[in-house]
Structure formats: structure tokens, C-alpha cells
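J.: Sequence:
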Amino acid sequence: MSLQVGQQAFEFTLYNTDRKEISLKDLSSTSNVVLLFFPLAFTGTCTKELCSARDDI
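Residue numbers for the sequence shown follow our numbering, so the first one is 10 and each next one is one higher.
It is possible that some hints are incorrect.
In silico SDA-like pairs for lysine to any residue, Cα to Cα no more than 25 Å straight-line [stated by the list, open to error]:
1. LYS29 <-> LEU45
2. LYS57 <-> THR39
3. LYS29 <-> LEU44
4. LYS57 <-> GLU20
5. LYS57 <-> ASN41
6. LYS29 <-> ASN41
7. LYS57 <-> LYS29
8. LYS29 <-> GLN13
9. LYS34 <-> PHE51
10. LYS34 <-> LYS57
11. LYS34 <-> PHE21
What the hints contain is simulated information worked out from the structure, not anything from laboratory work.
Can you make the complete structure from the sequences, with help from the hints?
T.: Next comes the structure, spelled out in C-alpha cells:
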């Protein structure tokens, strides 16, 4: 499933680093949100993809 730029994402809830629930609604009500999913954390692919996203913001 993909979204177009500006299209609203579906609502979801995850746990933060303090193991407290936080929802997309909670985040988006106070600031802009960028959702980025990548397949292989701590690999060259991950680093390249995240740097590219950072540079495009």
C-alpha cells in the first residue's frame, strides 16, 4: 500500500522508547510527520536510504 504526497496516512498506534503508546494522531497534532520504512536496519542500504531521505527534506 502506498500513499501519494499530501495524502493522509491511516491511523495507527505504536510504542515509544519508554514503552508508552503513541499514535500518529498524537504526533501529527503537534508537528509535521515523515513516515519512512526501510528493510535492513544498520546496513549500507539503510544508511544510504536514510541519508537520501534526509537530503531531500
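J.: Give a verdict on every hint.
T.: Hints versus structure:
{"no.": "1", "hint": "LYS29 <-> LEU45", "in the structure": "holds, 21 Å"}
{"no.": "2", "hint": "LYS57 <-> THR39", "in the structure": "violated, 29 Å"}
{"no.": "3", "hint": "LYS29 <-> LEU44", "in the structure": "holds, 19 Å"}
{"no.": "4", "hint": "LYS57 <-> GLU20", "in the structure": "violated, 28 Å"}
{"no.": "5", "hint": "LYS57 <-> ASN41", "in the structure": "holds, 23 Å"}
{"no.": "6", "hint": "LYS29 <-> ASN41", "in the structure": "holds, 20 Å"}
{"no.": "7", "hint": "LYS57 <-> LYS29", "in the structure": "violated, 30 Å"}
{"no.": "8", "hint": "LYS29 <-> GLN13", "in the structure": "violated, 29 Å"}
{"no.": "9", "hint": "LYS34 <-> PHE51", "in the structure": "violated, 28 Å"}
{"no.": "10", "hint": "LYS34 <-> LYS57", "in the structure": "violated, 29 Å"}
{"no.": "11", "hint": "LYS34 <-> PHE21", "in the structure": "holds, 8 Å"}
In this structure, the earlier hints numbered 2, 4, 7, 8, 9, 10 are contradicted, and the remaining ones agree with it.
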